[in-house]
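Q: Model the full structure from these sequences, guided by the hints.
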Amino acid sequence: VAAFTRISREAIRERGVVAHPELVVVAEATLIADPAARVTQGVSERTAVFVNSPLVPRQLQDSVSLPGRLSTMDLTGRTLAEFGKREAISALLGAVAGRLTGLEPAAVSEAIRRELLDLGLPSAAIGRHQALALRCYEDLAPVELPPPETSPLSSAMLQLPVYEPPGRGTARISAAANSVLRETGGWRTFRPVLDPGKCNGCWLCFAFCPDGVIAMTPEDKPVIDYEHCKGCQICVHECPTKALIAQREEEGAVAWRAK
Amino acid sequence: MMTGNLAAAWGARLADVDYIPAFPITPQTEIVEALSKWCGGGELAARFVTLDSEHSMLTAAGAAEATGARVFTATSSQGLLYAFELLYSVSGWRAPLVLVNVSRALAAPITLEPDHNDVLAARDSGFLQIHAETCQEVLDSILMAYRIAEDERVMLPVIVNLDGFYLSFTREPVVLPDPDLVRRFLPPFRPSHLGFKASAPHALGTAVVGGSIYSYFRPQIHLAAMNALSVHEEVALEFERLFGRRYDLVEGYRLEDAQDLLVMSNAFASRGKAAVDRARAEGRRVGLLRLRMIRPWPADAIRSALRDRRAVAVLDQNLSPGQGGILFQEIAACLYHEPRRPRALCSFIGGLGGKNISEGEFHAIFEQTADAGERGEGIGPVLLYTEAELREMRELQLLAGASDS
Chain E
1 VAAFTRISRE AIRERGVVAH PELVVVAEAT LIADPAARVT QGVSERTAVF
51 VNSPLVPRQL QDSVSLPGRL STMDLTGRTL AEFGKREAIS ALLGAVAGRL
101 TGLEPAAVSE AIRRELLDLG LPSAAIGRHQ ALALRCYEDL APVELPPPET
151 SPLSSAMLQL PVYEPPGRGT ARISAAANSV LRETGGWRTF RPVLDPGKCN
201 GCWLCFAFCP DGVIAMTPED KPVIDYEHCK GCQICVHECP TKALIAQREE
251 EGAVAWRAK
Chain P
1 MMTGNLAAAW GARLADVDYI PAFPITPQTE IVEALSKWCG GGELAARFVT
51 LDSEHSMLTA AGAAEATGAR VFTATSSQGL LYAFELLYSV SGWRAPLVLV
101 NVSRALAAPI TLEPDHNDVL AARDSGFLQI HAETCQEVLD SILMAYRIAE
151 DERVMLPVIV NLDGFYLSFT REPVVLPDPD LVRRFLPPFR PSHLGFKASA
201 PHALGTAVVG GSIYSYFRPQ IHLAAMNALS VHEEVALEFE RLFGRRYDLV
251 EGYRLEDAQD LLVMSNAFAS RGKAAVDRAR AEGRRVGLLR LRMIRPWPAD
301 AIRSALRDRR AVAVLDQNLS PGQGGILFQE IAACLYHEPR RPRALCSFIG
351 GLGGKNISEG EFHAIFEQTA DAGERGEGIG PVLLYTEAEL REMRELQLLA
401 GASDS
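Chains as they are written, first to last, in the numbering used here: chain E, 1 to 259; chain P, 1 to 405.
FYI, nobody ran anything at the bench for these hints, they're computed from the structure. No experiment lies behind these values; they were computed from the predicted model shown.
Some chain P residues flagged as far from chain E (calculated, every beta-carbon gap over 10 Å):
no., residue
1, Trp38
2, Leu51
3, Phe196
4, Glu240
5, Glu251
6, Ala274
7, Arg278
8, Gly322
9, Tyr336
10, Gly360
11, Ala364
What follows is a set of in silico ranges between Cβ atoms, one per label pair, in the way DEER data are often shown:
no., chain 1, residue 1, chain 2, residue 2, range
12, E, Leu103, P, Gly210, 26 to 32 Å
13, P, Gly211, E, Arg135, 39 to 45 Å
14, P, Gly252, E, Ala3, 57 to 63 Å
15, P, Glu33, E, Glu87, 58 to 64 Å
Coverage of chain E stretches by chain P, computed from C-beta distances (three or more under 8 Å per stretch; other residues unrestricted):
no., region
16, 153–166
17, 170–176
Virtual Cβ for every residue (Gly too), placed ideally from N, Cα, C.
A: Set out below in structure tokens:
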């Protein structure tokens, strides 16, 4: 998911994708290495880049090559410590973005309150989100955003369409199935890990896995294809003997890399 | 002698279609009844299936066409609108089936008789449109439609339109083409991009996001539709050579020295031609241009027919509320860049819900158009409705308890 924000005191006469962002906030470090995610599109050495990662910027630069001026913070770790849920990072990302774009902390906090109120969260929970978000805001050093670049204007080279035979000109996919090439293991925050001693061989994990990435051995033990497991934890939830446990992916910022 | 509906059914039978998904609706039902009978009796080796709605019917039609079958189906009015979203899908699949629409005005108030708001609603769908004036033309146009649709330069579905009642239930002499000649005219359907093989699955109409992929494919449909103009010429020539009847993109009637022209389409064009004859007998130099192929829009043919005329009247048997006549807008648009365009362009709207267009109304059209041409200033939209019709309406309102309060 990519979302774009423009902030200006002037009227904004622009729509859609920000082609040359001044700031990019990356909610998940593994996306950087995934070419399909295109998180670095439009990023230059002038761009401020924030990555949600436990690594400090220099460590992160060792594993991924990112242009731009990098800052990091382990928002997922902070969220897990506070809420026990990895998903609740939106307010923190907003706080980080607010810090780096120079918004006032009170305004950021109020924006978080309104957003979460709209989701129907109780006010006590909203208060905890605001408090954690403000701590992230304070802990992050501000950066100076680059002034917008302007380039000389020229007409686009228009390519007039020509008729092509229906085999080419029809929205049709006739290539063989290739979804195995699209590795989705990088999506995980937690990986399901088997404790073979506890497994009773019931095959429930195999049956429930929505992505079909669990195979069974002749001895009725699950084998998980970590290149495609998205870490949804349904198998962990369904396992009647708690033989599958969720382990945080934390070998580094990029626990997995697209080939 | 046969009705327009039976002629349509014969078109499908002679085209040797493989699959006919059907759903009844007045005034179209006779078409699928005839085809059902023939499929049951073995005269037509097609699979006939009744579906639960027009939406399902057109889904089945497009899907079957995508497997490489030749498909025919038919509907009317509300049925066409119920199937509407599929029109755009089927054209996007480049599935060249033929759909007969028997025009019937749209509810509300509900009615059975024709105008063209139903078929013209589909004008932007990517279906080509051929509008027929006679029962013979219905049959012939279906054969031509398959040949054009299945051409690799086009590969788009076609709607063949005929007016409910005035053609659908009107018996006229119809010459049945010789089946052997039809087989020569219309070779078996062998599309390169469609077909069904278990060992080679493919996906049609796949999801695309971001706009640039979509912006490649939908203009291909436009280019394919535009190709149909020249393909129609070739097909018309071949049809004339084999069957002796000639159909062009537009049909001119007594155009040669005409000062003023009436532009119209479909079955009432026969009445229009009779009105031209009457007006000519009175000394008016008038003619009629019948729009036959409406998608693709034959702009060049229309421009060359209307060039240098004093005045042109466009008689729309449809109404776009808040705008006027649909075809008037398209005629006006294609004349804008014509330096020798008519001095006056007039818009008339008539025949809504199948209302008769009387000789007197045609006379009024010619008179007002001539005046407009003299003045050099167009008029309209003029709604054709007579004093006598309003008097009758007043009596009905009385009976219905209509009041001003």
